[in-house]
Amino acid sequence: MFSKPKTRWWLYILLTVLLSMVMLPFVWMLLGSVKPNSELMASPPSWLPQNPSLANFQLLFEKASFGTYFVNSVVVAVVVVAANLMFSAMLGYALARLDFPGKRIVFGAVMGSLMIPGLVLFIPQFILAANLHLIGNLSALMLPFLVQPFGVFLMRQFFIGLPKDLAEAARIDGAGELGVFFRIYLPLAVPAFATLGILTFLGSWNNFLWPLVVSVNESTYTLPVGLALVANGQHQADYGLLLAGATVVVAPILVVFLFLQRFFIEGIATSGIK
Amino acid sequence: MTANSNPVDTGRKLASKRSGRATTRNAAEARAGLLLSTPFIVLFLVFTAWPVIQSMYMSFTDMSRNDVQTPFAVDFVALDNYVRAVSDPIFRKAALNTVIFVVVGVPATIVAGLAVAVALDKGINKARGFFRLGFYTPVITSIVAVAVVWRFLLQPDFGVVNQMLAVVGIKGPNWIGDENTALFSLIIMSVWRNFGNAMIILLAGLQSVSWELHEAAALDGAGTWQRFMNVTLPALRPTLLFVLVTTSIGYLQFFEEPFVMTQGGPLNATLSASMYTYQQFGFGNWGYSGAMAYLTFLVILIVTIIQFRVTREKG
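These protein sequence lines map, in sequence, to chains A and B. Just add 1269 to wherever you are in the first sequence, counting from 1, and you've got this note's numbering. Just add 16 to wherever you are in the second sequence, counting from 1, and you've got this note's numbering.
Just so you know, the hints here were simulated from the structure itself, not pulled from any lab data. Be careful, since some hints might not be right.
Covered, in the sense of this in silico footprint (three residues per stretch, anywhere, with C-beta under 8 Å from a C-beta of chain A), are these stretches of chain B [what the hints assert, rightly or not]:
#1 42 to 50
#2 55 to 69
#3 84 to 93
#4 98 to 104
#5 238 to 252
#6 305 to 319
The beta-carbon is built from N, C-alpha and C at its ideal position, and this holds for glycine as well.
Given these sequences and hints, build the entire structure.
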């Protein structure tokens, strides 16, 4: 018989060493965020902070308005997630279950826009936002991302997998086509919403090029924009401050990831296989 | 007799009734379908379709920052922007850097992801979920944030990488400050951040590799390596193609890494096509910037098509 693989202890050691290397930057970031600059620039380096303090974080929130950036990042992400869930479910259902004129063109548009890089879009989008007087307004950060092709595709695949007879039963009870969608199928989409919501939140939270282009003043910076500009500005060598800033950007995502990892991994894996 | 007299008629009536119901049903479906598609169609037309057309038009004009309010009152310059890009030594340098980044970075990322995926899938029995979670962590973090951290790790004097090298008696280079090692450093960082993504997708793909085939091959005397090459890899082809295409598309647009770590320097050694496109936008040369963006888009299209062709032929 072909036996299951034996446990190879050397592989565990190899994987553990590799994992330590992968984790090192995060450990260094967290430890460094509570160290003063003098300690960060010491040689040999200190692992554990000698005098841990939150001074770096205090400076970020008091001097560099990271509080505003944080709120902006959250507001943009929440609106973008809500819109994507709704609009992706609507179109995903229509593509999966309804026959309507132009359906193939719409599906082609969804798949085609997966390929279009943001680089091609950002200048016309900037012109549009400027002419609508949205520059300096948070809505400019959200508008181009309210419905994204990946989400539509994911929801379509999800609805294709649901049984059809639910709709028949509801139609016999006199429900209209929209009623069938809103009252029968939408409530069943909650598991797919979890995956889509998390992936969309992540994309919005880490998004950089468009927020950078459209943010002309601090009041609409998101966290990555704020951090990148601090890192390239007068605080270039304030490593303690920068590591604390990176922590503020990364930590919320790491916490969400730890608790909801199942949805991340399922979402990525299914999107890759289908 | 009466019951038998007109079964055909009854059948016809039923059929016409059914088709009548089907027509109303079709009309209702069409209405609902269009209604549910409306948000996407509107947003797609305004924020994707229109910008794609406008930026193509823009790339054939001398549009600049001063034309914001009148984007169509510009001079048509035909292919001038494209000619200028192809002969601009800085754009050439940026394009070359981007090619190196993709040609070295993509295979490195996929090989690392595949090695770890196979190790997790077949090599170990316990703690698989733990390792998977750990290796995937960098993927979800903001590139800006990790670039800030790596800039510190790679700092030549007190960065932890060079301090560790110093322990074993090696004087580490000025990683991102030296023209010869800067791009290489960014590639290493990108492999670190992205191999977990390849790993997760390949791990899912490995579930479709048949144990029976492995067993048969083993009975025929095939070694582990031969079985990997002849059984595992062919079964993984569609998954590998997906990873190859998505990773290449991502790497062709690398931007945050040089923006945060090197600002394209030293001496443009890490300037990417995306970054130069963004810089030209910043200088107000929008037509020129649009042309360069389209060149990147074109390369993305070509690479995607070639990768699909090549894999299909072999498959």
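Going down the list of hints, with the structure as the test:
A stretch counts as covered by a chain when three or more of its residues have a beta carbon under 8 Å from one of that chain; for the segment 42 to 50 of chain B and chain A the count is 8, and the coverage holds. Counting residues of the segment 55 to 69 of chain B whose C-beta lies closer than 8 Å to any C-beta of chain A gives 12; at least three are required, and the coverage claim holds. Counting residues of the segment 84 to 93 of chain B whose CB falls under 8 Å from any CB of chain A gives 3; the rule of at least 3 is met. Note: the segment 98 to 104 of chain B has 0 residues with beta-carbon separation from chain A under 8 Å; the three-residue rule is not met and the coverage is violated.
By the rule of at least three residues with a Cβ nearer than 8 Å to a Cβ of chain A, the coverage given for the segment 238 to 252 of chain B is violated, with 0 such residues. Coverage of the segment 305 to 319 of chain B by chain A holds. Counting CB-CB distances below 8 Å, 8 residues qualify, and the rule asks for three or more.
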